[in-house]
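What follows is each chain in one-letter form.
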Amino acid sequence: MGHGNYMSGEHRAEVEGIAVEKAPEDEQLVLAIASGDREAEGAFVLQYLPKVRAMLLARTRNPDLAADLQQDVMIEAICALRRGQVRDVAKLSSFVLGIARNILNSHFQSAVRRPATLEFPNELPDLATAIDSMVEQQEQSLVQRAISTLDTVDQSILQLTLVEGLKPGVIAQQLRLSPEVVRQKKVRATRKVVNLILKLSQNNSTTHFSERIVR
Amino acid sequence: MMICTGSLADLKALPYVEGTLPASEVEQFEEHFFDCPACLVRLQAIQAVGRELARNPVASRREPEPRIRLGWPTWLWTAGAIAAVLLVCVFTYESLEARLAKPTVAQGPPKSIPQMQTAAQPAQPTATPVRISQLADMTLPVYSLPNLRGESLDAHFEAGMKEYAAGNCRGAIKALAMVPGESSEGRVAEFYSGACQRRMGNLASASQLLRKVADAGDSPQQEAALYSLAQIALTDNDPVTAHRYLLRTISLRGDLEQRARGQERRLTELIAQDKEAKGKNPEAK
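Protein chains in written order, with the numbering used here: chain W, 1 to 215; chain A, 1 to 285.
Chain W on its own, in the form it takes in the complex (with noise of 0.2 Å):
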């Protein structure tokens, strides 16, 4: 699955620290797919699919699972949204995660996955579009380059945390470091990658990947 709209145009802007507004975008898209258009739809799923994407990712860490749940709270947010169901359109966001959060509690709580209400609407925006396989190859080129300038230890210390979700006390063990020196490259590990595909990807010379969200 690809996810790397790490540095549209919007993320520039606030990487830089500038004010984004969001509402009348929001604001559009919510009055355009309640009047049917079906190219709303798109820009709705690929602005928020990455938002739902990592939240239900980081809740279920579960790949599979979080690509499923993901097609039910598009689906389901966009038939509301056709239905006209959104009031608050400043509170877009806040919608899309409620029901993010609804699905994921109804997944946990039951054996049947999809809510009963939920209805599959015609013509829905192609969600597999969202994802391309070129952005995604490129991010992980990226993000490969980014991991290579960590060193072993701390390559180490992300992989046993964010792969095997190993407690500090348990890695300082495994790599016979003390505890409070794992936490401390755990932490600088991260922050130094994390900033590090994010100057990569403002490099990056394929513009694509910030026309992406927002349009």
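Keep in mind the hints are simulated off the structure, nothing from the lab.
Any given hint might turn out to be false.
Stated by the list, open to error - Subject to a maximum C-alpha distance of 25 Å in a straight line, what follows is the list of computed SDA-like cross-link-like pairs (lysine to any residue):
#: 1; chain 1: A; residue 1: Lys212; chain 2: W; residue 2: Asn105
#: 2; chain 1: W; residue 1: Lys91; chain 2: A; residue 2: Glu27
#: 3; chain 1: A; residue 1: Lys212; chain 2: A; residue 2: Ala159
#: 4; chain 1: A; residue 1: Lys12; chain 2: W; residue 2: Cys79
#: 5; chain 1: W; residue 1: Lys192; chain 2: A; residue 2: Lys212
#: 6; chain 1: A; residue 1: Lys12; chain 2: W; residue 2: Asp154
#: 7; chain 1: W; residue 1: Lys186; chain 2: A; residue 2: Ser184
#: 8; chain 1: W; residue 1: Lys199; chain 2: A; residue 2: Pro15
#: 9; chain 1: W; residue 1: Lys186; chain 2: A; residue 2: Ser219
#: 10; chain 1: A; residue 1: Lys162; chain 2: A; residue 2: Arg211
#: 11; chain 1: A; residue 1: Lys212; chain 2: A; residue 2: Asp238
#: 12; chain 1: W; residue 1: Lys186; chain 2: W; residue 2: Ser148
#: 13; chain 1: W; residue 1: Lys186; chain 2: A; residue 2: Arg55
#: 14; chain 1: W; residue 1: Lys186; chain 2: A; residue 2: Glu27
#: 15; chain 1: A; residue 1: Lys275; chain 2: A; residue 2: Gly254
#: 16; chain 1: A; residue 1: Lys12; chain 2: W; residue 2: Arg191
#: 17; chain 1: W; residue 1: Lys186; chain 2: W; residue 2: Ala172
#: 18; chain 1: A; residue 1: Lys174; chain 2: W; residue 2: Phe108
#: 19; chain 1: W; residue 1: Lys167; chain 2: A; residue 2: Ala159
#: 20; chain 1: A; residue 1: Lys212; chain 2: W; residue 2: Gly165
#: 21; chain 1: W; residue 1: Lys91; chain 2: W; residue 2: Cys79
#: 22; chain 1: A; residue 1: Lys12; chain 2: W; residue 2: Arg101
#: 23; chain 1: A; residue 1: Lys12; chain 2: W; residue 2: Gly165
#: 24; chain 1: A; residue 1: Lys212; chain 2: A; residue 2: Ala165
#: 25; chain 1: A; residue 1: Lys12; chain 2: W; residue 2: Glu180
#: 26; chain 1: W; residue 1: Lys192; chain 2: A; residue 2: Thr139
#: 27; chain 1: W; residue 1: Lys167; chain 2: A; residue 2: Ser7
#: 28; chain 1: W; residue 1: Lys167; chain 2: A; residue 2: Lys162
#: 29; chain 1: W; residue 1: Lys167; chain 2: A; residue 2: Lys174
#: 30; chain 1: W; residue 1: Lys167; chain 2: A; residue 2: Leu11
#: 31; chain 1: W; residue 1: Lys167; chain 2: A; residue 2: Arg261
#: 32; chain 1: W; residue 1: Lys167; chain 2: A; residue 2: Gln258
#: 33; chain 1: W; residue 1: Lys167; chain 2: W; residue 2: Gln144
#: 34; chain 1: A; residue 1: Lys212; chain 2: W; residue 2: Cys79
#: 35; chain 1: A; residue 1: Lys212; chain 2: W; residue 2: Pro168
#: 36; chain 1: W; residue 1: Lys192; chain 2: A; residue 2: Leu11
This structure is a prediction, so every number in the text was calculated from the model and none was measured.
Could you slot chain A onto chain W? The hints should help.
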């Protein structure tokens, strides 16, 4: 309108991804990054690093070598070779002395002298498969009711655990398979299903289930899952894997630490004895 340079993500994105951010802060952070591209992008970057490391694990990263190494350290080889030479010398001397003392006894051909290089051949840890597998603890983990805090258990889970308590592994597996994987009992169900599969001898299925529990991170079942994986490896005559899981069990410092330590010690002794025996008698199987 929002101005953020990602400072909140710098503090909270990693604990959020790790699952260690307090519940109250989780919701706040989610509200924030849904409206803050700078924080979202940092969160996505951390998740991408995790994905990349899962796809391409750090090649040089290794858990510390088990104290028993199947490839012996050089000094041990040297010591073994010296010991073998001494043994051969003693044996040859005694044999010669005996022949000199009793010259009239019909002499057969001299016994072949053990070849020196056989003492240095790599020991096969599986040379004592039966003894290694005998170390395995086959008891089923004890199930104790969780603190419910007013919530009821999943019906399938309850049914499955009744079967489990009655010693009916087949029935337990069937019922526990119906428990939703991501429910609060999902992981517990996977653990006890894994324990049942192990009891029934389905080691591959058991390993798969138990690894999921062990790899899912901190949970009440993690330690027992690691311990059970060590037992599977013992049953499977795989001392390296068994040793690795025993060390991971010990590292959690939980209820099973002492049992795991005892097994680890016995496993170490067993392999050392095996190697010693091979060093002394290279033809020993």
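Status of the hints after comparison with the structure:
| no. | hint | in the structure |
| --- | --- | --- |
| 1 | A/Lys212 <-> W/Asn105 | holds, 21 Å |
| 2 | W/Lys91 <-> A/Glu27 | holds, 15 Å |
| 3 | A/Lys212 <-> A/Ala159 | holds, 22 Å |
| 4 | A/Lys12 <-> W/Cys79 | violated, 32 Å |
| 5 | W/Lys192 <-> A/Lys212 | violated, 30 Å |
| 6 | A/Lys12 <-> W/Asp154 | holds, 19 Å |
| 7 | W/Lys186 <-> A/Ser184 | violated, 29 Å |
| 8 | W/Lys199 <-> A/Pro15 | holds, 23 Å |
| 9 | W/Lys186 <-> A/Ser219 | holds, 22 Å |
| 10 | A/Lys162 <-> A/Arg211 | holds, 24 Å |
| 11 | A/Lys212 <-> A/Asp238 | holds, 20 Å |
| 12 | W/Lys186 <-> W/Ser148 | holds, 15 Å |
| 13 | W/Lys186 <-> A/Arg55 | holds, 20 Å |
| 14 | W/Lys186 <-> A/Glu27 | holds, 24 Å |
| 15 | A/Lys275 <-> A/Gly254 | violated, 32 Å |
| 16 | A/Lys12 <-> W/Arg191 | holds, 12 Å |
| 17 | W/Lys186 <-> W/Ala172 | holds, 11 Å |
| 18 | A/Lys174 <-> W/Phe108 | holds, 20 Å |
| 19 | W/Lys167 <-> A/Ala159 | violated, 33 Å |
| 20 | A/Lys212 <-> W/Gly165 | holds, 12 Å |
| 21 | W/Lys91 <-> W/Cys79 | holds, 17 Å |
| 22 | A/Lys12 <-> W/Arg101 | holds, 19 Å |
| 23 | A/Lys12 <-> W/Gly165 | holds, 16 Å |
| 24 | A/Lys212 <-> A/Ala165 | holds, 23 Å |
| 25 | A/Lys12 <-> W/Glu180 | holds, 18 Å |
| 26 | W/Lys192 <-> A/Thr139 | violated, 47 Å |
| 27 | W/Lys167 <-> A/Ser7 | holds, 24 Å |
| 28 | W/Lys167 <-> A/Lys162 | violated, 33 Å |
| 29 | W/Lys167 <-> A/Lys174 | violated, 33 Å |
| 30 | W/Lys167 <-> A/Leu11 | holds, 17 Å |
| 31 | W/Lys167 <-> A/Arg261 | holds, 21 Å |
| 32 | W/Lys167 <-> A/Gln258 | holds, 21 Å |
| 33 | W/Lys167 <-> W/Gln144 | holds, 24 Å |
| 34 | A/Lys212 <-> W/Cys79 | violated, 35 Å |
| 35 | A/Lys212 <-> W/Pro168 | holds, 20 Å |
| 36 | W/Lys192 <-> A/Leu11 | holds, 13 Å |
In this structure, the hints that do not hold are numbers 4, 5, 7, 15, 19, 26, 28, 29 and 34, in rising order.
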